[in-house]
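Chains as they are written, first to last, in the working numbering: chain A, 1 to 338; chain B, 1 to 338; chain C, 1 to 338.
Source of the hints: derived by calculation from the structure; they are not laboratory data. There could be a bad hint or two in this list.
Each pair may be met inside one copy or between any two copies, as identical chains are not told apart.
Stated by the list, open to error - No farther apart than 25 Å at their CA atoms in a straight line, the calculated lysine to aspartate or glutamate pairs in the DMTMM-like style are these:
| no. | residue 1 | residue 2 |
| --- | --- | --- |
| 1 | K329 | D101 |
| 2 | K15 | D323 |
| 3 | K198 | E34 |
| 4 | K94 | E127 |
| 5 | K326 | D336 |
| 6 | K88 | D219 |
| 7 | K100 | D160 |
| 8 | K45 | D219 |
| 9 | K15 | D186 |
| 10 | K142 | E10 |
| 11 | K161 | D101 |
| 12 | K88 | D160 |
| 13 | K198 | D25 |
| 14 | K45 | E332 |
| 15 | K142 | D220 |
| 16 | K88 | D101 |
| 17 | K129 | D101 |
| 18 | K161 | D220 |
| 19 | K198 | E93 |
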Amino acid sequence: MSHTLAELAEHVGGKVEGDEACVIDNVASLISAEHSQISFYASGKHNQALVDTNAGAVILSTQHVDLSPTNSIVVENPQLAFALIAEKLNLPEKLSGIHKDASVDPTASIDPSAYVGAQSVVAAGAEIKSGVMIGASCTIGKDCVVGENSLLHANVTLNDKTIIGNDALIHSGAVIGSDGFGFANDQGRWVRIPQLGKVVIGDDVEVGANTTIDRGALDDTVIGNGVKLDNQIQIAHNVIIGDHTAIAGCVGIAGSTVIGRYCTIAGGVGITGQLEIADNVHITATSLVTQSISQSGAYSSGTPLQENAKWQRNFVRFRQLDDMAKRLKRIEKKFDNK
Amino acid sequence: MSHTLAELAEHVGGKVEGDEACVIDNVASLISAEHSQISFYASGKHNQALVDTNAGAVILSTQHVDLSPTNSIVVENPQLAFALIAEKLNLPEKLSGIHKDASVDPTASIDPSAYVGAQSVVAAGAEIKSGVMIGASCTIGKDCVVGENSLLHANVTLNDKTIIGNDALIHSGAVIGSDGFGFANDQGRWVRIPQLGKVVIGDDVEVGANTTIDRGALDDTVIGNGVKLDNQIQIAHNVIIGDHTAIAGCVGIAGSTVIGRYCTIAGGVGITGQLEIADNVHITATSLVTQSISQSGAYSSGTPLQENAKWQRNFVRFRQLDDMAKRLKRIEKKFDNK
Amino acid sequence: MSHTLAELAEHVGGKVEGDEACVIDNVASLISAEHSQISFYASGKHNQALVDTNAGAVILSTQHVDLSPTNSIVVENPQLAFALIAEKLNLPEKLSGIHKDASVDPTASIDPSAYVGAQSVVAAGAEIKSGVMIGASCTIGKDCVVGENSLLHANVTLNDKTIIGNDALIHSGAVIGSDGFGFANDQGRWVRIPQLGKVVIGDDVEVGANTTIDRGALDDTVIGNGVKLDNQIQIAHNVIIGDHTAIAGCVGIAGSTVIGRYCTIAGGVGITGQLEIADNVHITATSLVTQSISQSGAYSSGTPLQENAKWQRNFVRFRQLDDMAKRLKRIEKKFDNK
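Let the hints inform the model, and build the full structure from the sequences given.
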């Protein structure tokens with residue numbers, strides 16, 4: 001899909017410096033871009049890549065426009081403009097209809113503009129709205145709803161009654177609506193508590209590959225609008241995630257925890273159950289959160305990487321930390337009393 | 001499915017206070033329950049929710065019966081009774097037969113009372129016993145056995161020769177019987193050691209969504225009776241897990257480790273290989289276990305979450321911990337010798 | 001598949017001590033081996049298992065040959081010889097053709113010697129080379145290439161344009177080529193950056209069950225030759241992994257990080273984005289890597305497991321570590337100045 005620089009600039013509310021008629025057919029990095037491609041320059045770093053680029057045009061902000069060796073689109077937020085232009089130049093192929101090798105229950109409702117891929121299953125009572133694309137080998141359980149223009153890549157599983165909003169992007173291997181992990185204990189033996197809630201996902205949500213979201217026990221698990229979930233995340237029953245929060249890969253969130261809006265949670269973080277995390281909280285990689293956080297801000301836990309031999313010595317000393325603290329206090333007291 | 005309070009009380013060995021003929025059709029939380037629903041009250045907390053409930057009945061223990069504003073079922077363990085009543089009111093739909101869009105090898109043995117869902121594959125020599133439900137898009141490998149009344153949700157993969165006991169509940173995306181991660185090293189190049197064992201799972205086991213259990217290298221990987229595994233757990237080759245142990249999400253257990261009975265392992269814990277963990281061991285979230293544990297009890301590792309700026313200072317100091325310990329000792333020695 | 005000891009010894013360049021005509025039909029552990037089976041003995045430990053074995057033959061090195069109670073194959077690296085012999089005795093069944101319940105696009109190219117299993121999907125333009133085995137319920141996206149003799153177990157997903165080299169072994173639930181996690185921020189709202197690169201995997205690579213590898217944003221995500229990836233690993237967009245590096249389960253590697261050759265990364269490690277890790281780096285279990293590593297060697301982070309009550313005291317003290325360091329310095333200064 002090709003566009004002139006003028007069209008692309010208009011799409012992002014930018015201003016062209018140079019040849020407005022220049023035709024662009026795709027995006028590329030500054031280093032690999034060719035003359036028919038557009039790239040972007042965001043920070044003050046990598047000056048040289050900008051100066052040396054063979055791109056047909058570069059997206060950048062006013063303060064860097066003099067560095068551009070080629071046509072430019074000048075905007076306030078070059079990365080955002082790049083995202084929008086990259087999307088415009090790479091619109092996904094639109095299909096509609098039901099693949100002959102799909103298995104669709106006669107009571108499911110599939111909008112004529114939607115697509116269901118090969119070997120996919122749509123169970124009884126499910127509702128697939130307009131513009132939805134369901135890739136190959138997906139399973140849509142009973143009474144699920146998939147909102148308008150949502151895209152499910154191959155091999156997504158929605159268990160019964162899952163509700164997906166509009167404009168979702170769900171990646172392969174994701175499982176939404178699996179049972180929560182809830183048991184009563186009968187003299188050592190675990191007895192399942194039936195998981196009767198569902199998963200409700202808002203609009204414009206992304207769910208990464210092999211991420212799992214459990215259904216609620218009685219009430220629902222809720223993912224807000226604009227939430228972005230990376231791969232291999234585990235979200236337990238009755239978790240609530242606020243709008244526009246982004247969570248990186250391998251995070252685990254235990255049952256009934258409520259996460260605020262506009263949070264960012266980095267990779268590998270663990271959050272225990274029944275907590276409340278405020279809006280605008282940012283947690284760094286592999287931190288463990290065991291208490292509620294009521295103030296916005298950045299939080300961390302963990303210890304630094306070291307050469308194994310040095311680490312080993314500090315590792316062992318950690319066992320004495322409380323003892324060391326007490327001994328230090330004793331010395332201070334004696335010393336300061338003299 | 002509706003039952004009178006008398007019927008439900010009898011099912012859990014409880015005693016009705018109030019109207020035995022009251023008809024209940026489902027469970028709900030104290031806050032959201034309506035008059036045709038039953039709820040439960042376990043702890044001494046949330047008094048107000050109990051006092052304000054609109055539930056038709058509440059399950060509770062003798063000491064709280066006076067707080068109930070409605071009919072009650074009085075039992076010793078309200079949570080357990082709730083689990084059993086919730087199950088009775090929500091019996092899963094029973095299907096039998098093979099969906100027309102399933103692919104079943106003629107040498108597989110499917111009990112007439114079992115069900116195989118759409119797009120599922122049952123390979124040669126597999127045995128599906130009575131009352132089994134296999135959801136959509138499952139793959140049952142060669143010579144697998146699935147025990148009586150087990151339920152596999154959509155998109156479960158059993159690799160060849162996997163043995164599942166009776167009454168299993170296996171969630172979507174689970175992979176059981178994948179190869180263990182075993183290699184010999186040939187001058188830097190890794191050479192696979194064929195993984196020839198299998199996975200053997202006992203009765204009444206739950207396996208969470210996207211959990212993986214590798215087959216043994218020579219002998220088998222063994223999951224005991226009543227074991228409950230949450231989502232996204234990784235169990236390596238030749239691990240043995242004792243009966244009635246429960247493991248939360250995102251735990252990884254490395255090769256040949258043996259876990260005892262009645263253990264609980266919280267989310268995100270890592271356990272290295274070749275260890276032995278005793279019965280009744282409880283490990284808190286995201287701990288790392290690198291040595292065997294021979295005594296029952298609770299164990300932990302890790303450091304606390306802090307505001308990033310404060311954490312950064314302590315994080316850096318960890319590198320000096322051994323040095324600090326030595327310096328403290330030196331000061332103590334000098335001081336006490338004076 | 002049976003072979004004489006002479007044939008097996010020749011296969012691994014070893015020397016038979018004992019009966020060269022002894023017929024072996026499989027491998028087993030020293031403890032469980034029967035007379036038709038061969039086992040191996042690598043370390044100086046478990047002497048007794050060797051002395052007591054009923055195996056028909058044992059693979060070992062010169063220094064242990066006197067301990068063998070039976071026929072021996074003497075080699076330099078017994079574990080390597082065992083791997084090669086185990087493979088020779090357990091060659092996987094070779095199938096070819098397209099299962100009647102597979103769904104193959106007419107524009108896909110499937111070599112006649114390749115196999116596509118039941119309920120699998122091969123999309124338009126995909127190329128499946130000679131000797132490839134694709135298990136049941138796999139999805140091969142558009143324009144993917146699967147190299148010669150690669151084996152995909154059941155339920156593998158390759159998203160569009162993924163390139164797999166020769167001799168790959170890919171386990172169930174793996175997702176290769178999912179979108180990277182990349183967004184621009186528009187006043188709090190996340191806007192997707194289209195992920196336009198692909199995943200390119202070298203020869204002789206293993207990918208574990210439920211492991212995810214994201215496609216690059218603009219350029220590609222690259223997995224080198226001989227790389228071995230265990231289960232539940234997350235590899236983000238534009239990561240590059242050097243040849244012959246092995247990564248254990250549950251590791252997460254964030255975007256654009258470059259890992260060297262011949263590295264080993266133990267289970268549960270987290271590596272943040274944009275880092276460079278040198279060749280021959282070895283990282284121990286659940287370490288967090290937040291800075292580049294330029295020197296080969298072993299690296300670790302983390303704190304030791306303790307009984308919960310003792311740990312709790314040290315855990316709390318970690319918050320004071322910087323303060324303790326300063327107080328210690330003050331005392332030292334005062335003391336040494338006296």
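Margin query: I'd like to know which numbered hints this structure contradicts. Please list them from smallest to largest.
Written below: Result: hints 1, 2, 10, 14, 16 break, sorted rising.
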